[in-house]
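A.B. asks: Here the protein sequences line up with chains A and B, keeping their order. Counting in our numbering, the first sequence runs from 1 upward without gaps. Counting in our numbering, the second sequence runs from 1 upward without gaps.
One thing to keep in mind: the hints can contain errors.
What the hints assert, rightly or not - What follows is a list of derived Cβ distance ranges for each label pair:
#1 B:T15 x A:A50: 45 to 53 Å
#2 B:D39 x A:A22: 38 to 46 Å
#3 A:T69 x B:N210: 44 to 52 Å
#4 B:H130 x A:E34: 49 to 57 Å
#5 A:A50 x B:M23: 53 to 61 Å
#6 A:P68 x B:A157: 42 to 50 Å
#7 A:K75 x B:R231: 37 to 45 Å
#8 B:D131 x A:G83: 45 to 53 Å
#9 A:Q48 x B:A128: 24 to 32 Å
#10 B:H130 x A:A22: 37 to 45 Å
#11 B:K248 x A:V28: 29 to 37 Å
#12 B:D39 x A:M1: 42 to 50 Å
As the list claims (entries may be wrong) - Computed, partial: chain B to chain A, Cβ under 8 Å:
#13 V82
#14 K86
#15 E97
#16 P99
#17 N110
#18 S113
#19 K146
#20 D158
#21 R160
#22 H174
#23 T197
#24 R237
These are calculated hints, taken from the structure and not from any lab test. Yeah, the Cβ is synthetic: ideal placement off N, Cα and C, and Gly gets one too.
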Amino acid sequence: MTRQQILDLDYLDARSKLIDIAAFLDRVDRAKGEADFRLAALKTALRQLAESTSSDRAAQTLLAFSDPTKEPIAKAPGKGAVGAWAGASDAAN
Amino acid sequence: MRYIEPHAHMVSRTTDDYQAMVMAGCQAVCEPAFWAGFDRGSVEGFRDYFRQLTDYEPKRAAKFGLPHFCWLCINPKEAEDVAFAKDVVALVPEFLECPTVLGIGEIGLNKNSRNELEILEMQVDLAARHDQMILVHTPHLEDKLKGTRLTLDVLKADSRIRPDRVIIDHVEEHTVKMVLDEGFWAGMTLYPESKCTPVRAIDILETYGNERLWINSACDWGVSIPLNVARTGVEMRRRGWSAAAVEKVLFDNPHQFLSQNPRFKLP
Ligand SMILES: [Zn+2]
Numbered sequence: 001m002t003r004q005q006i007l008d009l010d011y012l013d014a015r016s017k018l019i020d021i022a023a024f025l026d027r028v029d030r031a032k033g034e035a036d037f038r039l040a041a042l043k044t045a046l047r048q049l050a051e052s053t054s055s056d057r058a059a060q061t062l063l064a065f066s067d068p069t070k071e072p073i074a075k076a077p078g079k080g081a082v083g084a085w086a087g088a089s090d091a092a093n
Numbered sequence: 001m002r003y004i005e006p007h008a009h010m011v012s013r014t015t016d017d018y019q020a021m022v023m024a025g026c027q028a029v030c031e032p033a034f035w036a037g038f039d040r041g042s043v044e045g046f047r048d049y050f051r052q053l054t055d056y057e058p059k060r061a062a063k064f065g066l067p068h069f070c071w072l073c074i075n076p077k078e079a080e081d082v083a084f085a086k087d088v089v090a091l092v093p094e095f096l097e098c099p100t101v102l103g104i105g106e107i108g109l110n111k112n113s114r115n116e117l118e119i120l121e122m123q124v125d126l127a128a129r130h131d132q133m134i135l136v137h138t139p140h141l142e143d144k145l146k147g148t149r150l151t152l153d154v155l156k157a158d159s160r161i162r163p164d165r166v167i168i169d170h171v172e173e174h175t176v177k178m179v180l181d182e183g184f185w186a187g188m189t190l191y192p193e194s195k196c197t198p199v200r201a202i203d204i205l206e207t208y209g210n211e212r213l214w215i216n217s218a219c220d221w222g223v224s225i226p227l228n229v230a231r232t233g234v235e236m237r238r239r240g241w242s243a244a245a246v247e248k249v250l251f252d253n254p255h256q257f258l259s260q261n262p263r264f265k266l267p
């Protein structure tokens with residue numbers, strides 16, 4: 001497909017998702033209380049995405065949220081995942 | 001459009017879902033054993049679940065003319081209690097001779113803990129000893145990258161395991177390459193809020209080629225879309241794919257992988 005064809009197919013969808021993210025960040029701003037590491041992870045990923053010129057942006061965005069460590073943990077703390085690696089903010093502090 | 005749904009948790013779905021899948025062109029459905037959304041209270045609870053997967057669910061699917069196959073194991077979400085998990089693993093061989101059992105799955109990791117890893121290794125060994133194919137679940141969200149790497153290490157460390165008889169499921173853009181590079185099959189799961197979406201699955205196919213890849217809906221008791229494989233076929237056509245190219249990914253690929261087990265026969 002040509003770039004023009006892809007823009008014709010998917011531009012409005014991508015634009016709409018971007019505005020959803022902007023509105024989500026506004027909603028978080030309007031709310032009270034402390035945020036947590038998930039918000040920081042999202043903002044870091046957004047910054048990286050905006051600056052990226054490589055054609056593996058989806059993989060890089062997923063990596064931005066991923067636990068990069070290699071060793072298994074001693075015990076599962078529960079069953080769920082939250083979408084961002086808590087250790088990223090620990091490492092930054 | 002003909003397709004195979006290679007990963008769906010039909011025990012959680014309604015008869016309407018069966019009917020809609022058949023109407024959309026589904027030719028067979030495969031159901032890996034997994035978590036019920038809560039921990040089972042006893043090993044006998046798993047025996048009942050395995051009976052449901054090997055006996056009752058194929059009959060329910062047959063009412064809609066849909067061949068139903070399954071994979072058996074203890075899932076990683078219930079593997080943290082190692083003693084309990086070992087008792088469940090000991091139960092699995094009883095069911096391996098059932099005519100619709102395709103192999104061991106979906107085994108894998110969830111939070112990437114040592115206990116989960118021990119049970120994963122034990123079930124890889126079980127598969128090797130019984131010459132079974134393997135279906136692997138990879139963890140969710142932030143845990144997927146690490147869990148995929150650890151899983152590949154376990155599989156590669158066992159010389160009895162042939163990568164072409166193992167599918168590693170729920171890959172995304174950051175894990176698909178490492179799976180394919182090691183010779184394994186890779187599955188893409190189409191979920192509304194996590195894992196992959198139809199458009200991204202097609203991107204991955206356009207980037208990495210259409211060999212050793214399948215797509216599935218993994219529909220279960222959570223927010224999920226049983227017709228997402230068929231929807232992806234529609235999206236592929238919208239993206240300019242030929243009907244033959246769509247059928248290659250939606251039907252031929254899962255058929256090729258699953259047919260390594262002679263039990264996987266379509267009417
Ligand atoms: Zn599953």
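A.B. asks: Between H130 (chain B) and A22 (chain A), does the beta-carbon spacing fit 37 to 45 Å?
C.D. replies: The hint (37 to 45 Å, Cβ to Cβ) is violated, given that H130 (chain B) and A22 (chain A) are roughly 53 Å apart.
A.B. asks: Could you check if V82 (chain B) really has its C-beta closer than 8 Å to a C-beta on chain A?
C.D. replies: Violated, about 11 Å.
A.B. asks: Using the nearest Cβ pair, does S113 (chain B) come within less than 8 Å of chain A?
C.D. replies: 4 Å, holds
A.B. asks: Close enough to count: is the Cβ of D158 (chain B) nearer than 8 Å to one in chain A?
C.D. replies: Cβ of D158 (chain B) sits 17 Å from chain A, so the hint is violated.
A.B. asks: If you take the shortest Cβ to Cβ gap from K146 (chain B) to chain A, is it below 8 Å?
C.D. replies: 5 Å, holds
A.B. asks: Quick one: are D39 (chain B) and M1 (chain A) within 42 to 50 Å, going by C-beta?
C.D. replies: Holds, at about 47 Å.
A.B. asks: Does the nearest C-beta of chain A fall within a distance shorter than 8 Å of the C-beta of N110 (chain B)?
C.D. replies: The hint holds - N110 (chain B) has a Cβ within 8 Å of chain A, the shortest such distance being about 6 Å.
A.B. asks: Would you say the C-beta atoms of K75 (chain A) and R231 (chain B) sit inside 37 to 45 Å of each other?
C.D. replies: With a Cβ separation near 39 Å, K75 (chain A) and R231 (chain B) satisfy 37 to 45 Å, so the hint holds.
A.B. asks: Is the interface hint for T197 (chain B) satisfied, with its Cβ closer than 8 Å to some Cβ of chain A?
C.D. replies: 10 Å, violated
A.B. asks: Using 8 Å as the Cβ threshold, decide whether K86 (chain B) counts as touching chain A.
C.D. replies: Violated. Min distance 17 Å.
A.B. asks: May I ask you to test the interface hint for P99 (chain B) with respect to chain A, counting a Cβ-Cβ separation under 8 Å as satisfied?
C.D. replies: Violated: closest Cβ of chain A sits about 33 Å from P99 (chain B), beyond 8 Å.
A.B. asks: So does D131 (chain B) sit 45 to 53 Å from G83 (chain A), Cβ to Cβ?
C.D. replies: 39 Å, violated
When each numbered hint is compared with the structure, violations occur for hints 3, 5, 6, 8, 9, 10, 11, 13, 14, 15, 16, 20, 21, 23, 24.
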